[in-house]
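J.: Given only the sequences and the hints, what does the whole structure look like? Please build it.
Numbering-wise (the working numbering), the sequence shown opens with residue 1 and increments by one.
Honestly, the hints are just simulated from the structure, not real lab data.
No experiment lies behind these values; they were computed from the predicted model shown.
Fair warning: there could be bad hints in the mix.
Once the Cα atoms are required to be at most 25 Å apart in a straight line, the calculated DSS-like pairs of lysine-lysine come out as [said to hold, decoys possible]:
(1) LYS74 x LYS44
(2) LYS90 x LYS42
(3) LYS33 x LYS50
(4) LYS50 x LYS136
(5) LYS33 x LYS44
(6) LYS136 x LYS41
(7) LYS74 x LYS136
(8) LYS125 x LYS42
(9) LYS92 x LYS50
(10) LYS74 x LYS42
(11) LYS33 x LYS92
Here are the simulated distance ranges between beta carbons [what the hints assert, rightly or not]:
(12) GLY100 x ASP132: 21 to 27 Å
(13) LEU25 x ALA115: 26 to 32 Å
(14) GLU103 x LYS50: 16 to 22 Å
By construction, the Cβ of each residue, glycine as well, lies at the ideal position given by its N, Cα and C atoms.
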Amino acid sequence: MPRVARVKAPEYIYHVMCRSINEVLLFRNEDDKNYYHDLIKKYKENYSCKLYAYCLMDTHLHLHIDPQGFDLSKLMHGINVSYVIYYNRKYKRHRHLFQGRYESRVLSSDSYNLAVSAYIHNNPKDVEEYRDNVNKYTFSSIAVYIA
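T.: Structure, rendered in structure tokens:
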């Protein structure tokens, strides 16, 4: 059965989600999260995209992104392939790291954009030490909003 085509248009803003395969740790430490964050920054600048929110968790990640007319698939392919090469070299692996393709949802209204931003920024609440203070989570964009 063929994959369902992604909904794409130059004016769309997206909620992108990537999950590790079989609950493997996508990020084993802060260096891994910093490397992925640097990739986001690099590709965002190279393609003049806007990143409204992000959160990098141990087994998954969320991006709230406006590709500004650039093909989101190419953007995510560049980020994720670069990260898999880094990760597999570092940890001497030769397998898949991500569970299938990234998921993306079109954010079609201001209220949907706001709800997704809140959802992304509240992701760390599931980690015991951040349950009551998600604003202390380092690998999220929440600090930009509450500064």
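J.: Give a verdict on every hint.
T.: Verification of the hints:
no.	hint	in the structure
1	LYS74 x LYS44	holds (12 Å)
2	LYS90 x LYS42	holds (20 Å)
3	LYS33 x LYS50	holds (20 Å)
4	LYS50 x LYS136	holds (23 Å)
5	LYS33 x LYS44	holds (16 Å)
6	LYS136 x LYS41	holds (21 Å)
7	LYS74 x LYS136	violated (32 Å)
8	LYS125 x LYS42	violated (28 Å)
9	LYS92 x LYS50	violated (34 Å)
10	LYS74 x LYS42	holds (14 Å)
11	LYS33 x LYS92	holds (18 Å)
12	GLY100 x ASP132: 21 to 27 Å	violated (34 Å)
13	LEU25 x ALA115: 26 to 32 Å	holds (28 Å)
14	GLU103 x LYS50: 16 to 22 Å	holds (20 Å)
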